[in-house]
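Novice: As a plain string of letters, each chain reads:
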Amino acid sequence: MTALIVLENVRKEYDGVVALRDASLTIEEGEFVTIVGPSGSGKSTLLQLVGTLDRPSSGTVTIDGYNIATLTDRELSALRAQRIGFVFQQFHLAPGVSALENVSEGMLYQGIDPARRRKLAATALERVGLGHRLDHRPHELSGGERQRVAVARATAGSPTILLADEPTGNLDSRSGDDVMSLLDDLHKEGTTVIVITHDPDVAASAPRQINIKDGEVAA
Amino acid sequence: MSRQLRPAHIRLRDLVKVSGSALRSRPTRVVLAALGIAIGIAAMIGVVGISNSGRADFDRKLAKLGTNLLTVKSGSNIFGKAASMPDEAPQMISRIAPVTDVSAIGMVPDVAVYRNDRIPLERSGGIGTYAVDLDLMKTVSATLAKGQWLTKATENFPTVVLGTTTAESLGIDRVGADVQVRVGNAWFTVIGILNMAPLAPSLDSGVMIGWPVAKSLLKFDGHPTSIFTRIQEESVTAVKDVLAATANPMAANEVEVSRPSDALRAKEAADDSFTGLLLGVGAVALVVGGVGVANTMVISVLERRGEIGLRRSLGATRGHIRLQFLMESFLLAMIGGIGGVIIGIAATTGYAAARAWPVSVPMWATAGGLLATLFVGVIAGLYPAGRASRLSPTEALATP
Chain A
1 MTALIVLENV
11 RKEYDGVVAL
21 RDASLTIEEG
31 EFVTIVGPSG
41 SGKSTLLQLV
51 GTLDRPSSGT
61 VTIDGYNIAT
71 LTDRELSALR
81 AQRIGFVFQQ
91 FHLAPGVSAL
101 ENVSEGMLYQ
111 GIDPARRRKL
121 AATALERVGL
131 GHRLDHRPHE
141 LSGGERQRVA
151 VARATAGSPT
161 ILLADEPTGN
171 LDSRSGDDVM
181 SLLDDLHKEG
191 TTVIVITHDP
201 DVAASAPRQI
211 NIKDGEVAA
Chain B
1001 MSRQLRPAHI
1011 RLRDLVKVSG
1021 SALRSRPTRV
1031 VLAALGIAIG
1041 IAAMIGVVGI
1051 SNSGRADFDR
1061 KLAKLGTNLL
1071 TVKSGSNIFG
1081 KAASMPDEAP
1091 QMISRIAPVT
1101 DVSAIGMVPD
1111 VAVYRNDRIP
1121 LERSGGIGTY
1131 AVDLDLMKTV
1141 SATLAKGQWL
1151 TKATENFPTV
1161 VLGTTTAESL
1171 GIDRVGADVQ
1181 VRVGNAWFTV
1191 IGILNMAPLA
1201 PSLDSGVMIG
1211 WPVAKSLLKF
1221 DGHPTSIFTR
1231 IQEESVTAVK
1241 DVLAATANPM
1251 AANEVEVSRP
1261 SDALRAKEAA
1271 DDSFTGLLLG
1281 VGAVALVVGG
1291 VGVANTMVIS
1301 VLERRGEIGL
1311 RRSLGATRGH
1321 IRLQFLMESF
1331 LLAMIGGIGG
1341 VIIGIAATTG
1351 YAAARAWPVS
1361 VPMWATAGGL
1371 LATLFVGVIA
1381 GLYPAGRASR
1391 LSPTEALATP
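Taken in order, these protein sequences are the chains called A and B.
Under this note's numbering, the first sequence has 159 at position 159, and the numbering climbs by one with no breaks.
Take any residue in the second sequence, count from 1 to its spot, add 1000: that is its number in this note's numbering.
Think of the hints as simulated: they come from the structure by calculation, not from any bench.
Note that the coordinates shown come from a computational prediction; the quantities given were computed from them, not determined experimentally.
Quick reminder that beta carbons are idealized off the backbone N, C-alpha and C, glycines included.
Hints are supplied without guarantee of correctness; some may be wrong.
[Stated by the list, open to error] From the structure, some residues in chain A lie toward chain B, with a derived Cβ separation under 7 Å:
no.: 1; residue: Asp54
no.: 2; residue: Arg74
no.: 3; residue: Glu75
no.: 4; residue: Ser77
no.: 5; residue: Ala78
no.: 6; residue: Leu79
no.: 7; residue: Phe86
no.: 8; residue: Gly96
no.: 9; residue: Leu108
no.: 10; residue: Tyr109
no.: 11; residue: Gln110
[To be verified] Ranges of calculated distance between the beta carbons of each label pair, as one might list FRET restraints:
no.: 12; chain 1: B; residue 1: Gly1386; chain 2: A; residue 2: Ser181; range: 39 to 45 Å
no.: 13; chain 1: B; residue 1: Glu1303; chain 2: A; residue 2: Asn9; range: 36 to 42 Å
no.: 14; chain 1: A; residue 1: Glu126; chain 2: B; residue 2: Ala1367; range: 48 to 54 Å
no.: 15; chain 1: A; residue 1: Thr2; chain 2: B; residue 2: Leu1382; range: 40 to 46 Å
Make the full structure from the sequences, and use the hints.
Specialist: Below you can see the structure in the form of structure tokens.
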């Protein structure tokens, strides 16, 4: 196994407020990890750094061999497009657009041609059990179904890393379990899955848990 | 490892689709924002179209009248006194090879025209009395509104044809043996009324009688005062140069040669300044429309921070985001622009139809309108698109 994500002495401040202090951790390729901590503990900051949405104030973040501090915004964008899939608590689906279109548009920035995008999108939706809902628009879907569309969007382009930020936060426990077992399946297929949660039960579903509190990682 | 990380190129088709679907999801706003642009473009197209159609109509009428008419008029001599041309002037002019028609008229001096003999002599009303050649009507392309033109028979008798303005001011709208007017000291029977004669406007406010009767009844001296000449089209300019000297070899400077069609054209051209003003108003409307588009786009960017954040997380670069919002602004303006062109052409068509004009919207106006829209759309989108692209992904995602 190779180290896919390496954080070394990472510190992140926002206008003088320390969100993350001296965090170091390594995540291997193919791992299923949950990052657990109460709200305000710095876990979202951690996810943003791992997701290359932000750069550390100090320390180094290495994703798939790239030190993100040395990359330009364009290169970071390309890295996200090709290697990282995101799932958010609020789904972030485009309203008024079918599930298929939503998933298909997720691959827009990967440079895949439209016909192939649609094919991959349909496959991804079938994998999350929504093969019969391709033409449904978000408001015609339940919360659990919406999050499954979001998972399909994040994984249709076969990213190396799947980052999920409180994916079950807006769902009832049953839908939440469905989504988590979906993520477990993806992990079994080889994707590195990182889930952020404040829910210990959700955290327990992964083989490895990283606890974070007051901006400090307690491995 | 030196693996290259290069952002994907977004196809134009995808870009248009993404921007288009964003617009489709907010139809009311799109219509209202595009309306501003549409009004500006429609105003400009309408102004240009209507003035152009008017000119097309004018050109059509002028072509019917003919532009090869030259008028020779006796002016005034160096002492400022009214000059007259020699009696032989028409004959001499007709000897110039390219001249096809010559018709002379002579203003009969000191003769007033009245509806009846009860009106005091001083109130003459400014109606001129002209002794005319029989082929005058053909030469100046005049047409009869009523009755008939003078003939070889009637030119010897007290019969008269009225100009259109004259008929109106005398209150005469029919012809016949019982319709008579007082010309000088004699009664003349009205046998015809002319339509407007744009190439010989002096006829409109005059009365026309035969050359012989003018001499016998009104003591007319027989000197022509205006000579209308038709010339072969290609020789008009050449003939114009020699006409004065031919008409009055002794005093060419006392003769004025003019081309009535030029005067009409100049008058038509004078209306263009008004068109320019209206065009300016249209341009202002377009700018205001552009501000509306910019405003709509700014609001759109504020509302769609979540979407921007998502796109950044999906791998969109700042450039991709900027391009998307620029395209959106551009499409928004284009919807307005195309709508405006359609409205402008419709307005022109309606107006031209109401006036029986030919419809003529120049291509340059349509192309210019769309080009202006393109410009406005891009300018209006620059600021909002820049703002959207500068939004950091974390900040954008933080807003629900």
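Novice: Compare the structure with the hints numbered earlier in the document and write down the numbers of the violated ones, lowest to highest.
Specialist: Structure breaks no hint.
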